[in-house]
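Dock chain B against chain A, hints included.
Number of protein chains: 2
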Amino acid sequence: MVDILHKVGVRSSVDEVFKALTTADGLAGWWTTDTSGVGDTVGGRLEFRFGDLGGFDMKVVELVPDEKVLWEVIDGPEEWVGTHVGFDLSQSADYASVQFKHAGWKEPVMFMHHCSTKWAVFLMSLKAMIETGKGAPAPNDVKIDDFN
Amino acid sequence: MVDILHKVGVRSSVDEVFKALTTADGLAGWWTTDTSGVGDTVGGRLEFRFGDLGGFDMKVVELVPDEKVLWEVIDGPEEWVGTHVGFDLSQSADYASVQFKHAGWKEPVMFMHHCSTKWAVFLMSLKAMIETGKGAPAPNDVKIDDFN
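Protein chains in written order, with this note's numbering: chain A, 199 to 346; chain B, 199 to 346.
Fair warning: there could be bad hints in the mix.
Each computed EDC-like pair below joins lysine to aspartate or glutamate, with the alpha-carbon atoms no more than 20 Å apart [stated by the list, open to error]:
1) B/K341 with A/E305
2) B/K304 with B/E265
3) A/K299 with A/D273
4) B/K341 with A/E329
5) B/K299 with A/E305
6) B/K304 with A/E305
These stretches of chain B come out as covered by chain A in the derived footprint (C-beta under 8 Å, 3 or more residues) [to be verified]:
7) 200-210
8) 222-231
9) 250-262
10) 284-296
11) 305-311
In short, the hints are calculated from the structure, not lab data. Remember, it's a predicted structure, so these values are computed and weren't measured experimentally. Backbone N, C-alpha and C define an ideal beta-carbon position, used for all residues, glycine too.
Just chain A, with the same shape it has in the complex (with noise of 0.2 Å):
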């Protein structure tokens, strides 16, 4: 099993991060624009489409409100089902600290080595979303490669 690792310092509190993490609207507000679903309650399932890449659909099963969210991916690229997307906050003087895991990967294939460099895009999009009141969730996300 190998993981995917982040870090981003947000300047903001953490329930500002908590609920760009939880809420359909927040999270359509820095990943993708096609969010729905229900996020604030574990058990909810999240569906995040990217037109015709398809998407992934998560199981919310963990959440302590400004400290922690983590996702089951119950639906996408087989390469993601099974695994887990976490974020753990903590807040400094000027920072909410967002750590990311997304664990459980079977094989460090290519496809995890573009999802890495995705991850860190899209996180750095959650923080001009909430630093600058516009992040760059997809389809007009930051591109890296001849995959997306």
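Coordinates of chain B only, in the frame set by chain A:
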């Protein structure tokens, strides 16, 4: 041992990317302006500095023209020393694909999370440098958190 993985596609030839990874001028255009040393010879030493934050010394351990660059970290932060930073290149019709691996971290510490995101930011700087003529090397790099 845990690894940082990334991938970007650069609209260019692998030759252009190889130059950007093996010359001090090329490296100064996307990672840090304060780059010196020898990157185009196995056994060469490259010195990357980031002002007050310190820096890294790398030994070139493998070079295959237009295909592979591999460095060993020989000085820098404790967590980095002994790790390996590698770039595998391949050409498709429109893109030079850059598969990146920073391998051999002892533990997935918070600093590794930070470095993973920051590597993505710098690889996007490499892509921008080649595609647009202008990268964002330190000290004008995109800041991601309270560390840098």
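Outcome of the hint check:
1. B/K341 with A/E305: Distance of about 30 Å is beyond 20 Å: violated.
2. B/K304 with B/E265: violated (27 Å)
3. A/K299 with A/D273: holds (18 Å)
4. B/K341 with A/E329: holds (13 Å)
5. B/K299 with A/E305: holds (14 Å)
6. B/K304 with A/E305: holds (19 Å)
7. 200-210: holds (count 8)
8. 222-231: n = 0 at 8 Å, threshold three: violated.
9. 250-262: violated (count 0)
10. 284-296: holds (count 4)
11. 305-311: It holds, with 4 qualifying residues against the three required.
Going down the numbered hints, you'll see the structure goes against 1, 2, 8, 9, while the others check out.
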